[in-house]
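Engineer: All chains, full assembly: derive it from the sequences and hints.
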Amino acid sequence: MNPIIEPIGRPVVLGEGPFWDPDSQSLYFVDVFGYSINRYDTKTKEQFSAKVEGYCTIIIKVDGQKNKFVITEKNKLKLITWDGISDSIELSETLMIVGNPDEELLLNDGKVDSQGRLWIGSLSPQIEPSSFQFEHGKGFLYMINKSESFTVQKPNVTVANGLAWNPSDDKFYYIDSMKLTVDVYDYDNKTGKLSNEKIAFDLRGNEIDGYADGMTMDVEGKLWIAMFGIAKVGQKIEALKINNYISILKKSYYFIGHKS
1 MNPIIEPIGR PVVLGEGPFW DPDSQSLYFV DVFGYSINRY DTKTKEQFSA KVEGYCTIII
61 KVDGQKNKFV ITEKNKLKLI TWDGISDSIE LSETLMIVGN PDEELLLNDG KVDSQGRLWI
121 GSLSPQIEPS SFQFEHGKGF LYMINKSESF TVQKPNVTVA NGLAWNPSDD KFYYIDSMKL
181 TVDVYDYDNK TGKLSNEKIA FDLRGNEIDG YADGMTMDVE GKLWIAMFGI AKVGQKIEAL
241 KINNYISILK KSYYFIGHKS
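FYI, the numbering for the sequence shown is 1 to 260, going by full-length UniProt numbering.
Hints listed in this document are in silico derivations from the structure and should not be mistaken for laboratory results.
Each hint should be verified, as a subset may be incorrect.
Below, a list of computed lysine-lysine pairs in the DSSO-like style, where the Cα atoms sit at most 27 Å apart [to be verified]: (1) Lys76 x Lys198; (2) Lys76 x Lys193; (3) Lys76 x Lys45; (4) Lys154 x Lys66; (5) Lys74 x Lys154; (6) Lys74 x Lys138; (7) Lys171 x Lys138; (8) Lys171 x Lys111; (9) Lys45 x Lys74; (10) Lys190 x Lys154; (11) Lys222 x Lys154; (12) Lys61 x Lys222; (13) Lys146 x Lys179; (14) Lys193 x Lys171; (15) Lys111 x Lys45; (16) Lys76 x Lys51; (17) Lys193 x Lys146; (18) Lys43 x Lys76; (19) Lys74 x Lys43; (20) Lys111 x Lys51; (21) Lys66 x Lys138; (22) Lys193 x Lys138; (23) Lys222 x Lys179; (24) Lys61 x Lys179; (25) Lys146 x Lys68; (26) Lys222 x Lys190; (27) Lys171 x Lys61; (28) Lys193 x Lys61; (29) Lys198 x Lys74; (30) Lys43 x Lys61; (31) Lys190 x Lys61; (32) Lys68 x Lys45; (33) Lys68 x Lys190; (34) Lys198 x Lys222; (35) Lys198 x Lys61; (36) Lys74 x Lys61; (37) Lys190 x Lys76; (38) Lys138 x Lys179; (39) Lys45 x Lys154.
Structural biologist: Take a look at the structure:
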């Protein structure tokens, strides 16, 4: 049976960084070029937005702290206070600058692993502003510990994007969009160590155009990958299930709600 895909909430310029909060039954996400963080309440069908400064790509709720979230601002991680309703945030403080402060690389996709560590990647500098052309291999994939120290897990990244762990938490899937592959690693969930890199899926080898972007994994261990197709008129974006794909207007993926 084909899944039923329906849009929710108001349109955004560039939706990214979805985060599901089961307590409030709300989907949080950012609008990168709309410069906003957003909450969609699945119970009331309402969407609330607050303005943020600069280039923001993630919003992640801080466990055990009411109205506290971690967001990005360019190459910074920031802690904010937001009630999920107001059109502005209450408080904002910089937690850390990720990477070399002199390089000012933009942070992109990020997720928290089962041990509470934040994994987040950066983008290589664009060759031309507002283009989809990047200098090769100048970005990184970072792992940030609870002590707010970071380690480089993978150098030589061009466009850091989707990341996911399998249900048994011993495999890590990762997308550098310009490689045109989805890579898989053996993963040590205690240390975060990655090893034994392999190609899990080759886009061009499977005659799929576009670029792999956001990614998530369902409870059955199946990857869902958002495809960004810049060669189309406008932007044709598709969701790819490894053996089947469907057209929808999305750039990032996250499963929300209760399992039926």
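Engineer: Would you mind marking each hint as holding or not holding in the structure?
Structural biologist: Quick rundown of the hints versus the structure:
For the proposed pair Lys76 and Lys198, the alpha carbon gap of about 31 Å is over 27 Å, so the pair is violated. For the suggested pair Lys76 and Lys193, the alpha carbons sit about 24 Å apart, so the restraint of at most 27 Å is met. Using a Cα cut-off of 27 Å, the hinted pair Lys76 and Lys45 is violated, with the two alpha carbons roughly 32 Å apart. Restraint check for Lys154 and Lys66: the C-alpha separation of about 33 Å exceeds 27 Å, so the hint is violated.
Taking the CA atoms of Lys74 and Lys154, the gap is near 19 Å; set against the 27 Å cutoff, the hint holds. The hinted pair formed by Lys74 and Lys138 meets the criterion: a straight-line CA distance of about 16 Å does not exceed 27 Å. At most 27 Å may separate the alpha-carbon atoms for a hinted pair to count; Lys171 and Lys138 meet this at roughly 25 Å. Of the supplied pair hints, the one linking Lys171 and Lys111 holds, its CA atoms being roughly 15 Å apart against a limit of 27 Å.
For the given pair, Lys45 sits about 31 Å from Lys74 by alpha-carbon distance, which is inconsistent with the 27 Å threshold. Distance check on the hinted pair: Lys190 and Lys154 sit about 18 Å apart at the alpha-carbon level, within 27 Å; holds. About 24 Å separates the Cα atoms of Lys222 and Lys154, which keeps this hinted pair within 27 Å; it holds. About 25 Å separates the Cα atoms of Lys61 and Lys222, which keeps this hinted pair within 27 Å; it holds.
With a C-alpha separation of about 30 Å, the suggested pair Lys146 and Lys179 falls outside the 27 Å cut-off, and the hint is violated. Annotation: proposed proximity of Lys193 to Lys171 holds, straight-line Cα distance about 11 Å (limit 27 Å). Between the alpha carbons of Lys111 and Lys45 the distance comes to roughly 25 Å, so the proposed pair stays at or under 27 Å and holds. In summary, the hint linking Lys76 to Lys51 is supported, as the alpha carbons are separated by about 17 Å, within the 27 Å threshold.
A hinted pair counts as satisfied when its Cα atoms are at most 27 Å apart, and Lys193 with Lys146 qualifies at roughly 16 Å. Note on Lys43 and Lys76: the hinted pairing is violated, with a Cα-Cα distance of about 33 Å set against a maximum of 27 Å. A distance of roughly 33 Å separates the Cα atoms of Lys74 and Lys43; the hinted pair therefore is violated under the 27 Å criterion. At roughly 22 Å between alpha-carbon atoms, Lys111 and Lys51 fall within 27 Å of each other, so this suggested pair holds.
Distance hint between Lys66 and Lys138 is unfulfilled; the C-alpha atoms sit about 37 Å from each other, more than 27 Å. As the CA atoms of Lys193 and Lys138 are separated by approximately 21 Å, the hinted pair is consistent with the 27 Å bound. The suggested pairing of Lys222 with Lys179 holds, with an alpha-carbon distance near 21 Å, which does not exceed 27 Å. In summary, the hint linking Lys61 to Lys179 is not supported, as the alpha carbons are separated by about 31 Å, beyond the 27 Å threshold.
Distance restraint check for Lys146 and Lys68: the Cα-Cα separation of roughly 15 Å lies within the 27 Å cut-off, and the hinted pair is therefore satisfied. In summary, the hint linking Lys222 to Lys190 is supported, as the alpha carbons are separated by about 23 Å, within the 27 Å threshold. A hinted pair counts as satisfied when its Cα atoms are at most 27 Å apart, and Lys171 with Lys61 qualifies at roughly 24 Å. Distance restraint check for Lys193 and Lys61: the Cα-Cα separation of roughly 25 Å lies within the 27 Å cut-off, and the hinted pair is therefore satisfied.
For the given pair, Lys198 sits about 30 Å from Lys74 by alpha-carbon distance, which is inconsistent with the 27 Å threshold. Between Lys43 and Lys61 the CA atoms are separated by roughly 19 Å; this keeps the pair inside 27 Å, and the hint holds. At roughly 22 Å between alpha-carbon atoms, Lys190 and Lys61 fall within 27 Å of each other, so this suggested pair holds. Our distance criterion of 27 Å between C-alpha atoms is met by Lys68 and Lys45, whose separation comes to about 22 Å.
Taking the CA atoms of Lys68 and Lys190, the gap is near 26 Å; set against the 27 Å cutoff, the hint holds. Between the alpha carbons of Lys198 and Lys222 the distance comes to roughly 17 Å, so the proposed pair stays at or under 27 Å and holds. Between Lys198 and Lys61 the alpha-carbon distance is near 32 Å, which puts this suggested pair outside the 27 Å criterion. Proposed proximity of Lys74 and Lys61 is supported: the alpha carbons are some 19 Å apart, at most 27 Å.
The suggested pairing of Lys190 with Lys76 holds, with an alpha-carbon distance near 26 Å, which does not exceed 27 Å. Proximity of Lys138 to Lys179 is assessed by CA-CA distance (about 13 Å); at most 27 Å being required, the pair is judged to hold. Restraint check for Lys45 and Lys154: not satisfied, since their Cα atoms lie roughly 39 Å apart, outside the 27 Å limit.
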